[in-house]
Amino acid sequence: MALFNGSIHHSVHTLPPKPVFEHHSPASSISPAHVSSRSRDDSTLNCLNYSFCIPFTILPGPDPNDIILATAGAVDNWLHPPGSALDAPPCKLPVHTRNVEALKKLCKEISESPDYKCRAMVVVSEPKHASFRSRKQGVVTNVWLAGDSDIVVRVKGHILQSSPVALRTACVNIDRDQIYPDGERIRPGLPEHLERIAEFTGTDIFLLKPPELSPDAAIDPGSDTSQRDRLQIKIYGDYESVEHAKTRILIMIDDLLGQMMDCTFLEVSMQTVICGRGRKNVKNIEALTRTAIYFPPQFPRIYGYKPPRVQPRQPDQIFITGRTREDIQKAERMLLNLQSRITRLYVKDVMMTLTKIDYILLQRLDEVKKIMDTNGTHIQFPALGSSQNMIRVQGQETLHIERTVRGIMAICGQFYNASWWIMPDINTLNLSKPPTAREIQQMLTDISAFSGADIAFNKHAFDICGPDDNVKLALHILNEVRFVNQSPYQIRVKIELANEHKEFVSGKKNGKINKIMGQSGIQIIFDGFNEYNFFIDVVGTHHDSTMVGLQLVEHELPASVSFHVPDSYHKRIIGIGGQHIQRIMKKYSVFVKFSNAMERGTAGRADNDDSKVDNVICRTPARNAKNLELVKSEIMDMVQQADAEIVEENVVVPRLLHRTLAAERQILDELESRWGCSIIFPSTETASDVVTIKGPEWQIPQAVNEFLALIPETHKIQLPRSPVFDRLISGPGIRREVIEPMRTQFGIDMHFEDDIKENRPNTQTVHFTYTRNNAGGIRDAIEMLTRFLASHGAPAEPVKGALPRPKSDSFEDYVPFFNAAVLQKTDPFSVPGSRLSGDMTSVLSEQLHSEPGPLNDETEAAFYEGGRKASMAESEAGMSAPRSGSTTSSIARLSIGHGRSGSIASLAWENGVEATGLPDGEEWTKVEGRSRSGSLVNLH
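Residue numbers (the working numbering): 547 to 1486.
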């Protein structure tokens, strides 16, 4: 049967002792009621025995003290029943125990059904020696199957598709005023609406209190202090149902804000392509029309599981909300116009193994989404557990399709598969008592539970597949089994790697591979797989030597780092004939490759989104990976500060402000142009508050500060009322001594709320309004007010909302534990030449650069032919960074800003051709976009 291949792993773990499987292992607890009586004979030794873990997601429920409202059945599912222990683990929640019982019932039906001709059993265990692997804490649910190989594959798929293996939780923040319009009672009709959403989507929904925030959050510019006034709507359920419910809750919030809603339909395989790379096209439409466009989940029906009585969302259905019907219709026309402009599509099919597709869907789906978002392509996966081994990639350009496929195939390399062949027949082993079918079953379930890998046994061969660590752990456990290690055997471990790395791993004239085989006494075989990847087979006849050989091979696998350097710097970094880059490569034993716009297939575009993509890659064997950052640092030292490395900074902004900010394109465009950065808002359906600012590292702080100046913030405190207090806040002195200086010095405005109308006669609420970049002055503003009140005899200690002063960095808190002599004052004047008085870089410089590794034969330069014709003067100039203000600097600065999102008035399409004649009269110029969302049609 098909198993996993390939991974790159660079560490070796010390494994815990493993049990001998001749008797019942304490690692597992098997209920006799779930063991078929037929498993007591030896018939299963002549068929395939297969054991795998069911990846139930054990989610904890909400805090009972935070629950304001819950839909029907939600409390019964996600809270421990009355009388439960206070420290009851999440796995004991009713929803999780019910899922396990349903799985046991399903396996019992499979075993008793004559149609399947397969035996199935559920094992719930808690491995006691797996605590060193943090993600394997708690109970493990394992399934054992026995039958013909094709039937086992089909039954495994049926079990996975019938189980909620991808339970998720999503959170949507909502303003308190929208839930409590009068401040006391929940909005009429809201509980019923949440109930309908929960019933329609098959989810459980809670309305929770806002999370607790530290007092210092108000002065943190990166913190969203408005969060303290927002309640949380938390959704529990399977992957697709949660996404469906979250969209409907977001639409409900838009409706509470007075927005209108309509829907349209767009073929599922076209949605990602139309959105563009980074969802640039759809974000421009949203900003121009002030609408929100909600796309369906990117992988509809991928897991197969559907809750009872659920109404699934149509994968082609798109919701649009806006202020007016005209805005919604305008957004819909723009989407259809985008679709009509797509004149060509490219499709590529790629073959993968069955179990590899399952592992990607279960463990790497987020990585797949990022690949789709980056390249603006559509990936069509078969359903989980299906018997199809083909994926399909669709996009507008072959370059983006190739990048997508290579990204997916790189994920495949994160998994290994291994085989352990026992040479003689298992029934003729030189043992006093051959293993029975029950012992084989017990052994497989224990190994799978301990390691987390899938393991199969058929006559005299074990097959193991899973993530690299899991496979090596399973081999270690298998080596402890007496009847396995006392007979002649052969181990084969398969590693999958990109074809471009074949020469890198093997070395010139296969020298490295021959050396490894000679040192460890193993065989290493290179075997082709497809046009992207190949296999490295590590074969040995002894476990320890095979593991040593595998480790040596892993040390030769490529470790790499990639980053962006403007194309204008490439030649001067490479030097004449590659002399300069050759010196760097020899110094650190690292291979460096540059790629320009022509090689990336993006030359000649008027607006190039690839201007900031990684175009320099440094690669070295894993054993030498520590030198990668040193090479990167030395190369970046030759790039002007204005063109330095592109970094990202995340800023938390309330979601409802995104639409307002995105509509201010003129202001945002000026900000982006001034600092050479890009402001990236999250997609609408994610309901995320995080805005990403991307640009040169040295300019990001200024860009973030200007962006924060667009975000309004409010902080409230309550002060005790008194006659003196009332007289002061109504007199002219407070404006002259507090309000005006506060606005001038801190950029903060202050006003008083009428607490008497709010039934708070004993307190006075003070509002401080400011923009996020001025949040650091709120503490000083409060102190300015309280000092004024105290100086005039009024009570000034805040009842609520006070901000404590941060602790100093001195050692005063630790004085009781030390001799006071250590805290004596030192001479304020530094001694000239002292190691401690100058820059500490000089003290630590010897530790910053480690000794470079040995020079490998395969190290070579990648450079342009034009570089060989450069003059010696250019070579000299290439050894140092260009002067500030030079022509090269200006060109590089323009290139770094190129490709950022343009203004709303000039939306862009794919081929750089102007388009006019839109239904609403706009004229759009053409640019390339990025995609952040996609969906698929199942292959079955």
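Just so you know, the hints here were simulated from the structure itself, not pulled from any lab data. Treat the hints loosely; a few may be bogus.
To be verified - In silico lysine-lysine, DSS-like type, Cα no more than 25 Å apart, as pairs:
(1) 852 / 638
(2) 1048 / 1061
(3) 894 / 916
(4) 755 / 1133
(5) 654 / 638
As the list claims (entries may be wrong) - Here are the in silico distance ranges between beta carbons for each label pair:
(6) 1220 / 872: 46 to 56 Å
(7) 1345 / 606: 30 to 40 Å
(8) 982 / 610: 43 to 53 Å
(9) 1220 / 891: 32 to 42 Å
(10) 882 / 741: 27 to 37 Å
All C-beta atoms, glycine included, are put in the ideal place defined by N, C-alpha and C.
We went through each hint and held it up to the structure:
1. 852 / 638: Satisfied, since the Cα-Cα distance of roughly 23 Å is no more than 25 Å.
2. 1048 / 1061: holds (16 Å)
3. 894 / 916: holds (19 Å)
4. 755 / 1133: It is violated: about 58 Å lies between the C-alpha atoms, which goes past 25 Å.
5. 654 / 638: holds (22 Å)
6. 1220 / 872: 46 to 56 Å: violated (34 Å)
7. 1345 / 606: 30 to 40 Å: holds (35 Å)
8. 982 / 610: 43 to 53 Å: holds (49 Å)
9. 1220 / 891: 32 to 42 Å: Since residue 1220 and residue 891 have Cβ atoms about 38 Å apart, the given range 32 to 42 Å holds.
10. 882 / 741: 27 to 37 Å: holds (35 Å)
Hint compliance for this structure: hints 4, 6 are broken, all remaining hints hold.
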